Amino acid sequence: MNKRSSIYILTAALTFTSLSACQKDFLERPPLDQVSEVTFWKTEKDVYETVMGVYAKLPGDNMVYDDGSTDNAHVQNAWEGPASSTSAGTISSTEDAGWYYIDIRRANYFLENANKVKVIAPDLLTRYEAEVRFLRAFSYFRLMSLFGDVPLITKTLAVGEENVPRTPKKDVLAFVLQELDAVAKILPATYAGGKPNEKGRITKGAALALKMRAHLYEGDWKPAADAAAEVMTMGYDLFSTTAEEPGDAKDDYSKWVDFADATDQEKFRKGLRSYERLFRQVNEGNKEVILNREQIMQKDENSLNTYLPPATLGGWSSITPTQAMVDSYANYKTGEAIVPVDPAQRATWYASDKVAFANEYKNRDPRFYASILFDGAPWNAMSKTAFTFTWKQGNNMSKTGYNFRKLVDPIAYEGQIGNHANVILIRYAEVLLSYAEAKNELTGPDATVYDALDKIRTRAGMPVIDRSKYASQAALRAVIRSERRVELALEGQRYMDIRRWKIAPEVMKSIKNVANQQVQERVWTDKLYLMPVPQSQIDLSKGVLTQTPGYSK
Amino acid sequence: MEKQQLFKTKGIWVLMAVMLLFLQENIAAVNPRMLKPNVQRNMADIVVKGTVKDSQGPLPGVTVTLKSDPGRGTSTDGNGNFSINVPEDGVLVFKMLSYTVQEIPVNKQALINVTLTASSNDLEEVVVVAYGTQKKASMTGAVATISPKTLANRPVTSVQNALQGITPGLTILQRPGDVGRTSDGTSNNTGAVSIRGRSSLTAGSSPLYIIDGIPASAQEFATLNSNDIASMSVLKDASSAALYGSRAANGVIMVTTKRGSGEKTTIQFNANYGLQAATRLPEYVNSGDYATLYNEAAINAGGAALYSADQIALFRNGSQPDLYPNTNWYKEVLREVAPQSDINLNINSPGKITSSYLGLSYLTQESLIPGKSQNRIVGKLNTESKVIADLLKVGTNISFIKQDFSRDGAAMSWTELNRALPITVARQSNGDWGSISNGGQAVPNVAGNNQLRKLAEGGSAWDKDNYLQTAINASLTPLKGLSINGLASLKYYNSNSWEFTSTLSPVNDFLTGAPMESTASKINNMKEYWRKRQELLIQGTVDYERTFGQHFGKLTLGASEENNVTRNAFIGRKNFPNNDMTTVGSGSTNPEDMNTDDDGQANRSGQQEWAIRSFFGRFNYVFNGKYLFEANTRIDYSSRFREDIRRGIFPSFSAGWNVSKENFMQNINWVDNLKLRGSWGSLGNQGVVPIGNYYSMLETDYAYSFEGNAQGGTSQNKIPNPLATWERVYMTDFGLDASFFKGKLDLVADYYIKDTKDLLMRVPTLLTIGVETSGNKTGLPLVNAGSTRNKGFELGLTYNDKIGEDFQFSIGGNFSVIKNSITKLGNGEEFIDGKFIQRIGQSIGSFYGYEADGLFKDAADVAGHVFQTPNTKPGDIKYKDLNGDGIWDSRDRTVIGNDVPWFNYGFNLSASYKGFDLNVLTYGVGKVKAYLSEEASFPFFNGAGVKKGWENRWTKENPDPNADFPRILNSGDGKHNYNEISSFWLFNASYFRVRGITLGYTLPQNFVKKMGMTNLRVYGTANNPFTFTADKRLNDFDPEMVSGRGGYPGIKTWSFGLSAAF
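Line by line, the protein sequences are chains A and B.
Residue numbers are given in the working numbering: position 391 of the first sequence equals residue 430, and the series is strictly consecutive.
Residue numbers are given in the working numbering: position 255 of the second sequence equals residue 261, and the series is strictly consecutive.
Bound-form chain A, shown alone (with noise of 0.2 angstroms):
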């Protein structure tokens, strides 16, 4: 054959071969490693899946800066959120306070979408759903709580829709309410365990409970004393141990408080040791939990164990006790208020004479000793060898002189894990405590409101209250708020006690350390009953949304 024509003919053959060779699909490239909604919502592993999809929503650890926008602690680290400055009272709305609606759209998703599996038991739909509404309400609560009025969105919003002015806070309230009163009638007070009835799902007694701190928020006394009581008929009790960790027998508590003898030694041990091992990694789920955010073991640890800790432990001193919280802790003896040292004396004293300081911290509540490190204290469970917290200045030290130690797990420490112990939203404590502020201010002093604080009380190994000298209203209000002050300090509840109690402007004041320096300037104004709107939000509305009064526009 001539190579010209071989050449041609190879040629031809070849256009052809390749224009016969059609692919229809050379131009559909599905992504493989994601799933197609297409393809999704049809079994009920579909639904199981995206509820927790809701669960993981819900807020952990953050809690213990809510403190720092309290008089209880102080949040020294100006890029760790917005207490530093919502504390100084300078917070403006170039920082956001948690204008946050994920958690939201991925409960309203579910709610639109869960419905067209058809191969699930209603029933169990139906509690699905129940989770998700209360988990729903759960966030308007926290949103509301923050800035009153807040945008109530309840369906999945296209491009476009989202610009919703604020609702107002009372509609808010009214929507959360409804819906926690609709889901406890839906939801189990217990689950049997095992898919999908695990523990730790959300309760009647959650939304119950939810229901009693709104209306305790809002003064609303006689629902709140109900829900309250409806909750205390469930099961729910205090947890207690005797049980301590490596490195606690060590602690020699002696040195700081006068035991009687050796049962009141046991006593105060007892309490310190049940107290702050209630929200230990294992004591999780324990009786005393009503809702928890639950973590995933080295996933998503919890970062108690990093924010508190001194810099001496490896942690941050992120949020620490103010001298106000300290002095809170009563006499472990009479079970009655201290009288604070005076700043100027125990600052010549933390100078020259640490013997006359040191007397301060003696025998005070076993929970002081539970929840606050201060000069001198004890804490071997974090070390092999032996550990004495002393303050020194520095990066990550604290600038008040105390440190907290509440919440830290040493197990977690010591093993060099992340701490994955689950974080507690609601406990039956505060159940306890909510009961006897709405019942004393609804009818005054009962048997049910000293029962009530006196268990708090007596799992703390404390003195129960004298009911003779705190017979009045006002008198018992004075102890229950400072009950409540002690028993839930750091997880968050201070922040709106000061607004609610409209004490803000009397102890929002500036803060000094051990050796009276002054820590932080503190100025209250009333604005900061409520948080600014982010700017960017105010921006983009394009004055749909309006700012929070007092804040620059």
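Since the hints were made in silico from the structure, they are not lab data.
Note that this is a predicted model, so its numbers are computed, not measured.
Even for Gly, the Cβ is constructed at its ideal location relative to N, Cα and C.
One should not assume that every hint holds.
Below, a sample of chain B positions facing chain A; criterion: calculated Cβ distance under 8 angstroms [said to hold, decoys possible]:
#1 SER443
#2 SER721
#3 LEU772
Once you have looked at the hints, place chain B on chain A.
Structure of chain B alone, referenced to chain A:
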């Protein structure tokens, strides 16, 4: 559609192979024809010999012809030598691409040595354009050609680095970066290339790279060895780039590599060795000053001094370095200099039937961070075979890239290095790692962040990337003017990254000797990534050209398809029994010891694919060599878009007028060439749209835990936009090419308007939408909602001349000014995003915040100004009440600067005298700002130190309202100075930089010959030796640094090299 289907992917290889086998049989039968021209002997002919060279040595491949009879000619061999029989009174013409033509009368001389000068505007030059080549004289688009010589032997580690300041309109953002792999495979310090300025709102503005006709990645382009490059063109306007359609919106850079030319085999060897050093390093105050300033900040905020006078004295006198040190962490951690070297060898073998080119190069580069380095081997083998003379040519390209990065030590944290304090001990005198900080205290969490320890004991890592490309092309010319071309390319890319983070034993407390438990790291972990990609391209083009009288026409038609499949896997575990384990099998098998990364759990794999099918055509028409016209169209079908909106059509038109060829120009002697050009066209950009964009995707991950077990969760975190489609560029360009004074002065000028429409953007949306609205986890969809306009002017000038016979020089300057403005932003007028604003009428990259008006001088000044914050005191930043309403609030914000270099320029000088040659490249940008915050500016930020610049700050003793910095406060107390975005923290980032100086010496020929070489040149070169910055407050930062908190420093390199030819 189906009729237009091209080659079936699998079949093509079989067919190609069969074709080659078939042809081999015929090759034997073809008698190689003698290519020597038929030279007629003349009685007066003499043999003239000589050498042709340029400023850097002999030039192979120069055409030497007799002026009176251009048919009589030869070309220089690999050593630049020629020999020709010509009449003794003839005139010899020496021609070569990119050089000025020289005519030399023979005058009976038997030896003529010629030195050619480089020219940037040779009309005979053949320029590589989309799917073909074109003579420069008949070009109508805006195409810049870059001479490979400008890139060769520079001590840079990527081609991108070498391009800065070379040609107008090509901006290289040379952010300093460490030796390490980025996600696209390039090294961190590879410059970001943009052509004619940023126009996209989503920042993706990288041009399309085409190497030997095949689309290439930034990594392939970066690793090209400049000695392998035969030519490089930058297609800047819509007309020249239109044939690349949907991917050409950001311009195209085309490279062809060498493929064997000349008369005989030559071997070239180049080597250079250099030392890299930081251009500038951040300067922090010493320990005594740190303690003093810390006290001042505390007192300024109403607190008390922390460090006593005794302690400060101890810091200053250095008598107790174990307790009161003065540590310069940058000095402790970074190396003063780090070596780099580049060796390459190439063999150029012309052949009667098959010519080949083999290029090999080996590059090593170490980092200023000890233990980090890059090793790169690039091999290239190109062949071209005249399989059947005048009928069929077959070429192949095989290239191989092996790029390894390795790190011995943990990944160093720049943030932690910038936070490391002078009062912290790096190593105690007893040999232990430093444990002391805070003025004589043992501080575990400071000790745990010691970057020296992390580098020494923290682990190790490597990245290994391999590329193998095989390509074959064939060109069939059955009739005069007709050519049929086919190209197939298959690339395999394999990449493997591995990282081990070791357990660390605790640091001992220097005071007690006891180990500080929290400094230990008890769980080690390993991460390993596998990635592979296969890219297949098949394309065919048909060219037909014909001349009828004064008419010339050329038609190109073609089609191509590409198919790209990427697959990757992530595996990893924690808790290995020791730190010497390198594979996953030896890790703990507990479920909680599964490793994770930002994208989720280990033990996952993913696959992404995309494909594109395209048809294109071009028509050129020239009348009488004066009037030029061109039309282009490309049609793309891309898998990235939903089926009904998958097609994109990109037309363009251009015209040119060779004014200098008109009769009325014939008497104007000083103008050699003058051409006016104009073009209009449209281009697309598909790269911004993520794969699978039009599917509504749900995300699955471990979401929550019940009863101690991780539970899978699903959530809808992304809102899809199924209608997302190409971004489109409409570009109008007017250009002028001219040369004057016998080619001594060349000028290229262009004015263009580049309208980018349907820009994909994530329209900023209120948080109430319920998905992440910023960051890389954003759930907002990309919407074709924005438009921008770049109006630009580019000017390039070159002047070549010589003084006497031996001194030649060339001076060039290039300038590019772009006026960028946003013309559409969805339905909005402006969107604020952190420090930046996108606002209609403003440029991309605009900073938005308060205008600072210096500092408050005293209390009266504070009282007299509008109220700012309760904490505002003398020495704080004074913000302007811009709208004058007596209230300082967010309505007083304005555009305060821009971070994109819209104005850039370069001056280049080259000169040679006898054996010496000198090259100087410079580069500058204007009107650019950088926002430096956090550790980069703010004192004590998150435990950081204080920059030296703070020595000139506002103090009570020196209440200067124009001091460089405000009264010193720590970051919590100084929020009103630091957190409000203001022009105070904007630094003028304009600079002028000498990018490169090279001084070379070519050894005399007779000496070199004795050594068995044909050429030997030695040179010394400096990269980035001098930098001039506009802001005195910025003098401890490289001006090309990105706004932010600081990182790897800018690098200058001093190196020495030689190049030899055999």
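We went through each hint and held it up to the structure:
Taken as an interface hint, SER443 (chain B) checks out: its beta carbon lies about 7 angstroms from the nearest beta carbon of chain A, inside 8 angstroms. Contact between SER721 (chain B) and chain A, as hinted, is supported at the beta carbon level, the nearest pair being about 3 angstroms apart and thus within 8 angstroms. Proximity of LEU772 (chain B) to chain A holds as hinted, the smallest CB-CB distance being about 5 angstroms (cut-off 8 angstroms).
The structure agrees with every numbered hint stated previously.
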